[in-house]
Amino acid sequence: MMRGGYIELAHGGGGQLTSELLDEVILPAVGGQQPDKLTDAAVFETAGKAAFTTDTFVIRPLEFPGGDIGKLAVCGTVNDLAVCGATPRYLSLALVLREGLEIDLLRRVLASAAAEARDAGVTIVTGDTKVVERDACDGMIINTAGIGEILPGARLGFERIRAGDRVLLSGPPGEHAIAVMSRRERLSFSSEVVSDCCSIHRPALELVERLGERVRFMRDPTRGGLAATLTEIAEATGRDVEIDESAIPVNRAAEAAAEMLGLDLLSAANEGKLVAVVAEDAAEQAREMLAGHEISARAAVIGTVGAAGGLVEMITRVGGRRVIQKPYGEQLPRIC
Amino acid sequence: MVKAVAELCEKIHDTVARLDDTQPVRIMEVCGTHTMSVARNGLRSLLPEPLRLISGPGCPVCVTDQSYIDSAVALAKRPGVIVATYGDMVRVPGRSGSLADARAAGGEVEVVYSADQAVELARDNPDSRVVFLGVGFETTAPGTALAVKRASEEDVRNFSVFTAHKLIVPAMRALLSSPDIRIDGFLCPGHVSVILGWGAYESLVKEFSAPCVVAGFDPAQILSGIAEILRQLEAGESAACSVYPAVTREGNRRAMELLDEVFVADPAVWRALGKIPDSGLELRDEYARFDAARQLDLPESESYELPGCRCGDVICGRCRPRDCGLFGTQCTPREPVGPCMVSSEGACAAAYKYEAPAAATER
Ligand code: SF4
Numbered sequence: 095m096m097r098g099g100y101i102e103l104a105h106g107g108g109g110q111l112t113s114e115l116l117d118e119v120i121l122p123a124v125g126g127q128q129p130d131k132l133t134d135a136a137v138f139e140t141a142g143k144a145a146f147t148t149d150t151f152v153i154r155p156l157e158f159p160g161g162d163i164g165k166l167a168v169c170g171t172v173n174d175l176a177v178c179g180a181t182p183r184y185l186s187l188a189l190v191l192r193e194g195l196e197i198d199l200l201r202r203v204l205a206s207a208a209a210e211a212r213d214a215g216v217t218i219v220t221g222d223t224k225v226v227e228r229d230a231c232d233g234m235i236i237n238t239a240g241i242g243e244i245l246p247g248a249r250l251g252f253e254r255i256r257a258g259d260r261v262l263l264s265g266p267p268g269e270h271a272i273a274v275m276s277r278r279e280r281l282s283f284s285s286e287v288v289s290d291c292c293s294i295h296r297p298a299l300e301l302v303e304r305l306g307e308r309v310r311f312m313r314d315p316t317r318g319g320l321a322a323t324l325t326e327i328a329e330a331t332g333r334d335v336e337i338d339e340s341a342i343p344v345n346r347a348a349e350a351a352a353e354m355l356g357l358d359l360l361s362a363a364n365e366g367k368l369v370a371v372v373a374e375d376a377a378e379q380a381r382e383m384l385a386g387h388e389i390s391a392r393a394a395v396i397g398t399v400g401a402a403g404g405l406v407e408m409i410t411r412v413g414g415r416r417v418i419q420k421p422y423g424e425q426l427p428r429i430c
Numbered sequence: 115m116v117k118a119v120a121e122l123c124e125k126i127h128d129t130v131a132r133l134d135d136t137q138p139v140r141i142m143e144v145c146g147t148h149t150m151s152v153a154r155n156g157l158r159s160l161l162p163e164p165l166r167l168i169s170g171p172g173c174p175v176c177v178t179d180q181s182y183i184d185s186a187v188a189l190a191k192r193p194g195v196i197v198a199t200y201g202d203m204v205r206v207p208g209r210s211g212s213l214a215d216a217r218a219a220g221g222e223v224e225v226v227y228s229a230d231q232a233v234e235l236a237r238d239n240p241d242s243r244v245v246f247l248g249v250g251f252e253t254t255a256p257g258t259a260l261a262v263k264r265a266s267e268e269d270v271r272n273f274s275v276f277t278a279h280k281l282i283v284p285a286m287r288a289l290l291s292s293p294d295i296r297i298d299g300f301l302c303p304g305h306v307s308v309i310l311g312w313g314a315y316e317s318l319v320k321e322f323s324a325p326c327v328v329a330g331f332d333p334a335q336i337l338s339g340i341a342e343i344l345r346q347l348e349a350g351e352s353a354a355c356s357v358y359p360a361v362t363r364e365g366n367r368r369a370m371e372l373l374d375e376v377f378v379a380d381p382a383v384w385r386a387l388g389k390i391p392d393s394g395l396e397l398r399d400e401y402a403r404f405d406a407a408r409q410l411d412l413p414e415s416e417s418y419e420l421p422g423c424r425c426g427d428v429i430c431g432r433c434r435p436r437d438c439g440l441f442g443t444q445c446t447p448r449e450p451v452g453p454c455m456v457s458s459e460g461a462c463a464a465a466y467k468y469e470a471p472a473a474a475t476e477r
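The listed protein sequences correspond, in order, to chains A and B. For the numbering used here, count along the first sequence from 1 and bump the result up by 94. For the numbering used here, count along the second sequence from 1 and bump the result up by 114.
These are computed hints drawn from the structure, not numbers from a lab. As the structure is a computational prediction, the values presented were derived from the model and not from experiment. Note that beta-carbon positions come from the ideal geometry of N, C-alpha and C, so glycine has one too. One should not assume that every hint holds.
Covered stretches of chain B, going by a simulated chain A footprint (3 or more residues, C-beta under 8 Å) [claimed, not checked]: (1) 430 to 440; (2) 445 to 451; (3) 455 to 466.
Negatives, chain A to chain B, calculated, CB over 12 Å [what the hints assert, rightly or not]: (4) Ala104; (5) Ser113; (6) Asp117; (7) Gly251; (8) Arg304; (9) Pro343; (10) Gly356; (11) Glu374; (12) Val395; (13) Gly403; (14) Val412; (15) Gln419.
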């Protein structure tokens, strides 16, 4: 039986406490899919071309409205695979735990990672646990790497984007950033905003499966938000992108919170959104497909790829014109 | 709203066409929130060419003198001191770096959203001195006043305020008095005016015959304000008034009384505008024990301009952000040289973020 309610340095020492932590906390939560297998590396088969990605997750607070670091770590890697046109298959999960971390919190985080993996249809096949001293990190850090199988019809890349292509967004931008910020700063006025943290592979892969090469490019706009993804498209293709602000779906509560804080929702992080560039004649179909999934029910065609230029321009809700710039660093709330 | 905006734009175009001035009409939006809203909504692209919207001194961080920044940074470096500040101040560069640099070097700097949070911080850290940077106009000053009163009532001895609070009307007067600055009318700030009341601008109108119109922050409000200023100019009138329904002539008496209870007006140093009489708020003697300036023997800091930075000219309407030689090259939001690029309400930040590089518009 596990003693005490907190992680100790000895939990990472490789001895009996490590085994207890593994057997009683970690494996029951995330090992269920590959029972009893504690080999040094996972062995599996893949069909055809594969995609491989990795990401490390740090977030404060570890639990936030709409998710936690465990769910985030699974969704993040699943989404990175999905936007390459790959069906996510296998994940690794490596934990860096801070001495003093509540074991109950760890259990909750792992349970939510496992639930998300099950739901997304990926198997956690290997993992690792380290414990670090109190000052070395904030609670815990999770790294996930993922392997996915590329769909046969996927032809995605900046170089495939053409003038006239349409830009789609799967839902209101900025919800994750506002949810986390409001929890972090204990702001009551934005408490109703929930993070969009979720796996977007189903809608994303449906686009590729059904529209084939008419889907040119996909991205999950995380840090830097929609603005970062759009400016990247403009830079990489050397083309202008024109966005219609009135077409961008809005979460009113997030908008009100952003307004008060002086934050720009377009540059705010998302964790469950999809930006897709598709051929003009596939735009409406693509929107309908996305709208058929609950997590992208509010999908919209928000813009058009234009001529050479490399600038993202926005027609504002009132008909004015302005540019969207590449976001810079951390956004700071304003004074009044 | 789109229809209202289209109608207002038409009205503005018509009025400007009828005003057969040889010079462009110069309207100053006093407040940083207006500056931001104008840029974010692309309003300049909807206005006629001979109408210039110029940004004014209403961005609290931008008008704060360099000497204050230096003192705040010095405070943050003192052991046992926690500097509590609104986020906008953190990256303003001073002679020996910014508050962010001080934090990186081990100083304690906490971002708060209200003065009250700073009092909480003091309660939670009884062994440290928490110094709140009281920056802002009549909008944030009442919050500071309440915090000081609370600290006094609850005897939170390790809390103090380093005040740079300012009053907006004296700055507008200073601008109108400058011989080299021409302003045809003021678009007055909504939030500040909720507290001040539009009556506060009547003395300016009387003295200088410049229309002073209060407007809210959405595009329709801003355009209504501009349309009203133009109407007055065409009719040869000048009056203080408000198109923002939340603003009364008297303003918020309670807030004003609160300010009066805790603060007393004194001369304050503004960036570029220099020392303006009765334009700052200092804590009354009754609250001297919460006054960081009197309690912590601050190092003497002098006023100066950041080399190459034209923030001073920008906030006085003498030049536009793009006229500054550092704009977009040495000075960007990532590595800001001056406060107008740091602040989320600064005119340089607005221009950088929302205006196309090629469209270095004359407007
Ligand atoms: S661009 Fe930078 S250096 Fe120039 S005036 Fe603005 S803030 Fe100052």
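Verification of the hints:
no. : hint       : verdict
1   : 430 to 440 : violated (count 0)
2   : 445 to 451 : holds (count 3)
3   : 455 to 466 : holds (count 4)
4   : Ala104     : holds (31 Å)
5   : Ser113     : holds (40 Å)
6   : Asp117     : holds (40 Å)
7   : Gly251     : holds (27 Å)
8   : Arg304     : holds (35 Å)
9   : Pro343     : holds (17 Å)
10  : Gly356     : violated (4 Å)
11  : Glu374     : holds (25 Å)
12  : Val395     : holds (19 Å)
13  : Gly403     : violated (10 Å)
14  : Val412     : violated (4 Å)
15  : Gln419     : violated (5 Å)
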